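Chemist: If you're matching them up, the sequences are chains H and P in order.
For the first sequence, this note's numbering begins at 1132 and goes up steadily by one.
For the second sequence, this note's numbering begins at 931 and goes up steadily by one.
One should not assume that every hint holds.
[What the hints assert, rightly or not] List time: in silico EDC-like cross-link candidates among lysine to aspartate or glutamate, alpha-carbon distance up to 16 Å:
1. Lys1006(P) to Glu961(P)
2. Lys1061(P) to Asp984(P)
3. Lys1006(P) to Asp1073(P)
4. Lys1006(P) to Asp957(P)
5. Lys1381(H) to Asp1073(P)
6. Lys1070(P) to Asp1040(P)
7. Lys1190(H) to Glu1174(H)
8. Lys1038(P) to Glu1191(H)
9. Lys1297(H) to Asp1285(H)
10. Lys1256(P) to Glu1182(P)
11. Lys1038(P) to Glu1182(H)
12. Lys1381(H) to Asp957(P)
13. Lys1437(H) to Glu1422(H)
14. Lys1297(H) to Glu1101(P)
15. Lys1297(H) to Asp1211(P)
None of these hints come from the bench; they were simulated from the model.
The structure displayed is predicted, hence computed values, not measured ones.
Here is what each chain is made of, one letter per residue.
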Amino acid sequence: MPMTKTRAKSGFALGNIGSMASQGVVLAVVLGFVYLLFTNTQENLALRGIESGFTFLDKEAGLPIGDSLIAYTPMRSYGYAFLVGILNTLFVSVLAIILSTILGVFVGVARVSHNWLLAKVAAVYVETLRNLPLLLTLFFIYTVVLAALPHPRDAIQLVEGVYLSKRGFYLPRPLAEPGFWSFLIAALIAFALGLAFWRWAALYKLRTGKTLPGFWGGLGIFIVLTALAYLITGRPVGSELPVYAGFNFKGGLAMKPEFASLLIGLVLYTAAYIGENVRSGIQSVEAGQIEAANALGVSNAVVTRKVLLPQALRVTIPATTNDYASLVKNSSLAVAIGYPDMVSIGGTIIGQNGQAVEIIAMWMAVYLTINLIISLGMNTLNARVQHAER
Amino acid sequence: MRNLVKLGAIAAAAMATAGAVSAGTLDKVREAGELACGVSEGVPGFSNPNSDGDWVGLDADFCRAVAAAVLGDASKVRYVPLASKQKVLAVSSGQVDMTSRTTTWTMKRDSAEGVDFTAVVYYDGQGFMVKSDAGITSAKEMDGATVCVTTGTTTELNLADYGRANNLTLEPVVFEGKREAVDAYASGRCDALTTDMSQLAAFRSGFADPSAHTILPEVISKEPLAPLVAHGDNQWKDIVTWVIYGIIAAEELGVTQANVADMAATSTDPNIQRMLGSTGDTGGFIGLESTWMFDAISAVGNYGEIYDRNLTATLGLERGINAQWKDGGVLYAMPIR
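Model the full assembly from the supplied sequences, consistent with the hints where possible.
Modeler: Structural data, given as C-alpha cells:
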C-alpha cells in the first residue's frame, strides 16, 4: 500500500513578513558574531606574532609516522603528513564500521534468540561493553591483551609466514608476478559469471517455482574458473614472507598492535550499540508475522532472513547512523595508544608549528565531511528500504 | 580526548581574548595574588607532584622563585600541568603567566609562535635508552629498531633527523603522554625509548630493576630548556629572565638559602649587596621590590642547591655541562648591576 507523504508546513510562508524579518535579524546577528570572532582571532594572532594561514602545509614536516598506508618519509610536507592521518582515520573507521555491523547484527539476533546461553552471553557482552568507557577498553586491549604476546624473537608462528607477536600481526605480502593482470581480468570475468548464474537461478525460481542452488552454484563457478585461470597464467601471485632480522620482522604485511587495539576496541564497543539497535528492530516486528511464516512451514533461518531482518533493519538504520558517526569520532582516541590517526598527527603539527586554529579547523572539516557522507549514505539506504512498506 | 577538549578551550581563549598581551602580566599576577605557572604532567626531578600533592623539582622551584621575587611569597603559585602540545599555546593565549616545563629553545618557537624564551635553566640533550640484554652499545646499531617517543616535542623531529642522517630505519611509535611512552617501552612494545638524557635517567630510576636498562652514549641533539613567557610583554620577560640569572649568580657568589640573611646584613661584596638589595635598587629596574632576590633565594636557594635537591639527590644526575662557567660548565649569569 503506497504511503501518502505529508510535508510539514514551511515557516517561510508568504505574507508572514514579520517572521521573515525576525529570522533575518537572527541570521545577521549570527553571521556578525562569526565575522567578529574571525577578525578578532586574526588580530590576536597578529598581535602575538603568531603565524596564521595555511602556507605551512607546503613546508617539510620532519616528523616520523610509524604506520602509513601511503609511502611517507619525514621529507614530505605537513599537508601530506596530515593526509596520511586522514587516510589512517578513514581506514580504521571503514574497517570498524564493516566489522561492527557484522558483529552487531549477530549480537542483536543472539539477544532475542531462544537459545538461553546464547541470549545471556550476548546480554552480558552488550551490558559490559556499553557501560565501560571506550578509552578504558582500548587501554585494556593495548596494555593487557596485546602486550601479553611474546617478543618478536619468540613470535608465535601460526602457519608458515604468519606470526603473532607484541610488535604486531605479520602476514606474507602477496606479490604480483608476470601474468598477474591477465589472471586478475580472468578472475573478474569468473566473478561476473558466478553472479549471473545466481541471478538467473533466482529468476528461474520465479518463473518455474523450482529451486536451484543459485548461491552455491555461482560460488562454485567462480572458484573453479579462478583456479583454472591461476594455473593457466602460470601461478602469477608470489609472496614475500616476513623474516625476523635484528630487532623486528622485515618484509611481509604487518598489522601493528596500535591499529589492532583501536580496531578491536571500536568494533567491540560499537557492535554492542548496533546489537541493541538490531534487537529493538527485531522486537518491533509483530510476532504475528513470524507465527504466520512458521505456520506456513517456512524454516527458521528463512524466516530470519526473509521476514524478520528486512523489516527490522528499517527501525535499525536511523539509530545505527548515529553509532557510525560516533565510531568515526571515537577513532580520535587513537592518540592515547599511539596510532597515528588524523588527531595524533595534527597534534604533532600543532606542537611543532603552534598553528592550532588552522589544524583544529581542518580536524572539524574532515570529521564533518566524513559524518555528512555517512549520514547521506544511510539516509539514502533508509529511503530505499522504506519503499517496501508492509 | 580530555587533552583535545583542553586544547580546544585554549584555542577558543586565543580567539576570544583581545589585546591581553599589552595588559601587563606583572599587574595581572599582583592583582590575582598568584602566579599561574605551566609545568609538565609529571617528570621526576623537574616537575612532579610528591606524595603530599605538592609540585617539586627543578622547574617547580623556578616557578616558586619567580613567585617569591614578584609576590614575596613562594607558595603563591598555581601549577597548571600541560601536555607537550599545549605548552606554547597556553602561554601565548595567556592561560598561564609562564611555563617552566622542560621546553626546548628553538628559533621557530621563539620567533613565530607568540612566545619568548627567557634564560636556560638546564642544558639537556636527547638520547636513547635500551634494554641491557639487547646487547647494543651504540645508537648506530639500532637499524630496524622500534622507538617509543612522545608527540609534540622536538624529540620526535630529532629522532627522524637522526635516522635520516645515519641511514637507520627507525620505526617510531608516537604517544600523547610521556607515561604511555615509558610504559610501552617497559612492556617491550619498543626496543628503545628516546627523550632528553635527564628524563631517561629519571625514568630509569623509576623501573624495578634500573640496571636492566642502558642509556646509550650518543647525545643526538642540543636541548636548552628554558621557561617561556608570552611575546610582547618585555617587562615580564625581564623579570623571569633576571630571576633565573639571579639564582645562577647566587651559586657563583656563594649565597645560599641558609646564609642569605647573613649575607644581606654583613656581606661587603658589592655584587652581593646589589643583588640582595642592601645597596642600590636592582629590583626597581624591573618593577619589583629591592628584596626580590633575597626573597627568591630564601625560598628556593641557589642553582646548585636546587640541582642537588632535585636531580643529584633523587636521580643521581651529575652536574655535567650544567656546572658554573668557572667549573668548566656553561652556566653563565649576566652581571646584575
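Chemist: Look at each hint and say if it fits the structure.
Modeler: Each hint, compared with the structure:
| no. | hint | result |
| --- | --- | --- |
| 1 | Lys1006(P) to Glu961(P) | holds (12 Å) |
| 2 | Lys1061(P) to Asp984(P) | violated (32 Å) |
| 3 | Lys1006(P) to Asp1073(P) | violated (49 Å) |
| 4 | Lys1006(P) to Asp957(P) | holds (15 Å) |
| 5 | Lys1381(H) to Asp1073(P) | holds (11 Å) |
| 6 | Lys1070(P) to Asp1040(P) | violated (32 Å) |
| 7 | Lys1190(H) to Glu1174(H) | violated (24 Å) |
| 8 | Lys1038(P) to Glu1191(H) | holds (13 Å) |
| 9 | Lys1297(H) to Asp1285(H) | holds (10 Å) |
| 10 | Lys1256(P) to Glu1182(P) | holds (8 Å) |
| 11 | Lys1038(P) to Glu1182(H) | holds (10 Å) |
| 12 | Lys1381(H) to Asp957(P) | violated (60 Å) |
| 13 | Lys1437(H) to Glu1422(H) | holds (14 Å) |
| 14 | Lys1297(H) to Glu1101(P) | holds (14 Å) |
| 15 | Lys1297(H) to Asp1211(P) | violated (63 Å) |
Comparing the model with each earlier hint shows violations of hints 2, 3, 6, 7, 12 and 15; every other hint is respected.
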